[in-house]
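**Q** These are the residues of each chain, in order.
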Amino acid sequence: MADYAPVDLTAEGQVEFELNGRRVSAPAGTMLVDAAYALGVEVPIFCYEPRLGAPIGACRMCLVEIEGMRGLQTACSTPVQPDMVVRTNSDIAKDGQDGVLEFLLENHPLDCPVCDKGGECPLQDRTFRFGPGRTRFVEAKRHFPKPLDLSSVIALDRERCISCYRCVRFSQDVAEDKALVMQERGAAAEIATLTGDQYEGRFTGNVIDICPVGALTSIPYRFTARPWDVTNTPSICGHDATGTNVELTLREGHVARVTARPEPNYAVEEGWLSDLSRFAYEGNRAPDRLTAPLIRDDGRVKEASLDDAVDAAALVLGRGGRVGILVGPTATVEEGFLAQELARTALGGARIQRLGIPGAGLDAIRSQPRAELGDIDGAGLVVIVGGDPPNQQSIVELRVRKARRRGAAVITVGPRPHALEPVGTAVRSEPGRLAAAIAALDLPEAASTIVLWDEADLAAEPDAAGALARIVGDRGASQIELGADVNGAGLRALGLGAGDVLEAAAAGEIDTLLTIHADPLDGPGAADWGWALGRVRARIAIAAYASAVTDASTVVIPAATHYETDGVYVSMTGRAQRLRPGATAPAGAAPGWELLIALAHRLGAPPPYRSAARAFAAAAAARPALAGLDYDVIGVLGAPVAAVTPVSPNGVNGPREAAGTGLPLVTTTRIFGNAAAHRSEALASVRTGAELVLNPAEGERLGIADGARARLRSPHGECILAVRLAADHPAGAAFATTGVPGAGVERLLPADRGPVNVEIEAP
Amino acid sequence: MNAAAISAHIEPIRHEYAEGRSLILPALKYAQTEKGHLTREDIEAVAEATGFSAAYVESVASFYDRLYLQPTGQRVVSVCVTLSCMLRGSDELMERICDRAGVSHHGGTSEDGMITVQEAQCLGYCDHAPAVQVDAEQTRGPLTLDDADALVDELRTSPRPDELWR
Ligand code: SF4
Ligand code: SF4
Ligand code: FES
Ligand code: FES
Chain A
111 MADYAPVDLT AEGQVEFELN GRRVSAPAGT MLVDAAYALG VEVPIFCYEP RLGAPIGACR
171 MCLVEIEGMR GLQTACSTPV QPDMVVRTNS DIAKDGQDGV LEFLLENHPL DCPVCDKGGE
231 CPLQDRTFRF GPGRTRFVEA KRHFPKPLDL SSVIALDRER CISCYRCVRF SQDVAEDKAL
291 VMQERGAAAE IATLTGDQYE GRFTGNVIDI CPVGALTSIP YRFTARPWDV TNTPSICGHD
351 ATGTNVELTL REGHVARVTA RPEPNYAVEE GWLSDLSRFA YEGNRAPDRL TAPLIRDDGR
411 VKEASLDDAV DAAALVLGRG GRVGILVGPT ATVEEGFLAQ ELARTALGGA RIQRLGIPGA
471 GLDAIRSQPR AELGDIDGAG LVVIVGGDPP NQQSIVELRV RKARRRGAAV ITVGPRPHAL
531 EPVGTAVRSE PGRLAAAIAA LDLPEAASTI VLWDEADLAA EPDAAGALAR IVGDRGASQI
591 ELGADVNGAG LRALGLGAGD VLEAAAAGEI DTLLTIHADP LDGPGAADWG WALGRVRARI
651 AIAAYASAVT DASTVVIPAA THYETDGVYV SMTGRAQRLR PGATAPAGAA PGWELLIALA
711 HRLGAPPPYR SAARAFAAAA AARPALAGLD YDVIGVLGAP VAAVTPVSPN GVNGPREAAG
771 TGLPLVTTTR IFGNAAAHRS EALASVRTGA ELVLNPAEGE RLGIADGARA RLRSPHGECI
831 LAVRLAADHP AGAAFATTGV PGAGVERLLP ADRGPVNVEI EAP
Chain B
22 MNAAAISAHI EPIRHEYAEG RSLILPALKY AQTEKGHLTR EDIEAVAEAT GFSAAYVESV
82 ASFYDRLYLQ PTGQRVVSVC VTLSCMLRGS DELMERICDR AGVSHHGGTS EDGMITVQEA
142 QCLGYCDHAP AVQVDAEQTR GPLTLDDADA LVDELRTSPR PDELWR
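For the protein sequence lines, the chains are A and B, in the order given. Numbering-wise (this note's numbering), the first sequence opens with residue 111 and increments by one. Numbering-wise (this note's numbering), the second sequence opens with residue 22 and increments by one.
Pulled out of the complex, with its shape left as it was, chain A reads as follows (with noise of 0.2 Å):
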């Protein structure tokens, strides 16, 4: 992976030093390994990756002739000197590599043939291209019984371990979970967690990454493939609103696995992905993914071809009815602008919208100066405001623990417990009452202060939006917005707003509706939907897996995945970044741009292009948001969109007053709770499901017991979900887990995530 840290070799105070005979600059205090690197010159390693903090030193695979120095050096913990003479194909230098390689493979099986890691294995390459050719040592290796499972994922093979210490480093010191540690001693020293425990987290996977042997291996993707059988291609997760970069592995047509880049973006996720984003994958093949086109026609449904099924949804859409389009959060920003070019042209007077949050309130905090997810560990000051950031956007909890062990001082504010309240100053918010504890913290000096929060936390309190916008302007700080939508900044970009097919459908003014990747009867204010859309007549949709939008709609065509399309996500932090496809769509499906652009040429208005660049560029040239943008522009690690106009914090009213009687709703999520947790079998032994969190005094006042079941209601709709009694969560508000498929919290929320209060009884 990563295994040499970037360096600029054009910065400010370069040391000149002589590398192999040859006259050379680095910026002072870099590593000779990576100075070599980005010289051209590769010295071997092994246990150095520079994002797991200060070298260690511990497999000696990185030795170099330093002149004047006795002895061998370590390159990977030697910073350049001015005028140190290093050589590292010496023949002292070369014999040191033989040698530490020679000892690493003593108690290694060299069991290649069987290996996961095989093709792709550092210990194989730098073996071959650095080490001896022979081995002296004849007696008998390490054995242990095959392999172990550190946790559901994550199988470790204990004889093939080099003792790096890469993987207890990222769990003590990266992640922070101390779970991995180096149990025994000498040849008997192995990889463990507490004995009997499993090694769970939201960032497991890293480890497997990280391993430079074949000792961690996924299981998921264990004996699937060796690497000259696949392709990878680079990509963006489509899990969460971070824009993680990924890499795909590609094996027959399928997603074989997920994986950090090689070469990281250091501006997002640093090469770090939640298991989610890495795991989610094997949900792309789940049951209710659809791969056929169906036609309903007087409640019978029959299968239809690609072509049929287009013509079927033309016909529907033309016949001249009032027509709504919903464009889902998930959709590219490419099937967002041909959506809104339907709009204006074959389908003019459609109304449209995308599936979201509103966010009235919130365009002065969104005008102020963007950060990006790597600015965070260099901030003094952290501060954050709602949200549940390890949950919703997990790779942003390793940023904010970087930070704070770079010396920045963490603060939280918030209604809800999460994983980065201890590692801070946490600040409990009363619910609906954000304004109050933003306006009430003692923030300390700091000479760079970063502000990240939660959109739809914010989106019900524009008042709290207002202060947090005059603190950071006051400040000169900068803001990261904690999305809770994919593409919700893509979309927004588009100039999509969130309300208007809601309003004309409850009104009775939609007869035919659209859904791209869109399903409102799932989502927050599912019930309000339900009504609404009990009055349109026809419905088509466009989508990946089965809803109960698909399951009463006309036309039903097939989408293909974020893992089977071009396209553009705009990440939360404004980034925009290519979707890449690294799988085939399945034979009933097609990219949502092809099914747009060939539904535009079915209604009479086809447009000017036939490719997803094409389209993106046709969307970039009609908003100023996007302006200057095309594929190449974007590129592999992407580029901003364009900021959002000033706006002034003046004039934003609040709070609102929640709906209903009973205790405020504070809506929570779960890593693994959610549809696209749900339906990878990976992911199977850590996904969660609902619950409703309440203190034991609110408990023992509503007469619940833990574990029994309650009903809860608001003006909006109802549920029922098991109760947990937990005194870390405050009295006076009802804590219920969102997104869990089937749980129907999302019932209780009006569309705009608004907020709401709640009667819970005995059901």
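For the record, the hints were derived by calculation from the structure and aren't laboratory data. The hints are all genuine.
Among chain A residues calculated to face chain B with C-beta under 7 Å, some are:
(1) K288
(2) V291
(3) M292
(4) T303
Over 12 Å on every C-beta distance to chain A, these chain B residues come out as not near it, computed from the model:
(5) Q95
(6) S131
(7) G145
(8) T160
(9) A171
We put the CB at the ideal spot given by N, CA and C, even for glycine.
Take the given structure of chain A and dock chain B with the ligands to it, following the hints.
**A** Relative to the frame of chain A, chain B with the ligands by itself:
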């Protein structure tokens, strides 16, 4: 042993250690005095008392031979097999002790659960070679083979100490 008892033991000596991490060892040794070995509950109690993760505490315990993660006999006899003792007959001594205790020549725990025999490296008692240590309490030597039989018999019949320091 519970975390409160362990804290009560380590808090008075905390100032002697520059790093809090170093307290894990005395905490583990003390926790072990109760049963003679460490259970998962003991590890978790030490973790709570010292503020380190249970996994880390267990990794420390697993590093040291004298911290036992499996049950041992009531008394543990460590027979030195390092150079001085070896030259003075530790091989035979080890065999004799094992035979008398009724365990294999590699060591182990007697069937009645009274005695565990194990090999040890230099006990710092070379001038009394061949030497053995009983728990961590007493180091004895030089031992003849008859002394060995007597030692085993004595341990079999002597009462279990209140605290098992090993
Ligand atoms: S870890 Fe690498 S060198 Fe070792 S057996 Fe596997 S492929 Fe071969
Ligand atoms: S399991 Fe892999 S990463 Fe962990 S110490 Fe062993 S070789 Fe290194
Ligand atoms: S890479 Fe330098 S010691 Fe391991
Ligand atoms: S060698 Fe046995 S005590 Fe030193």
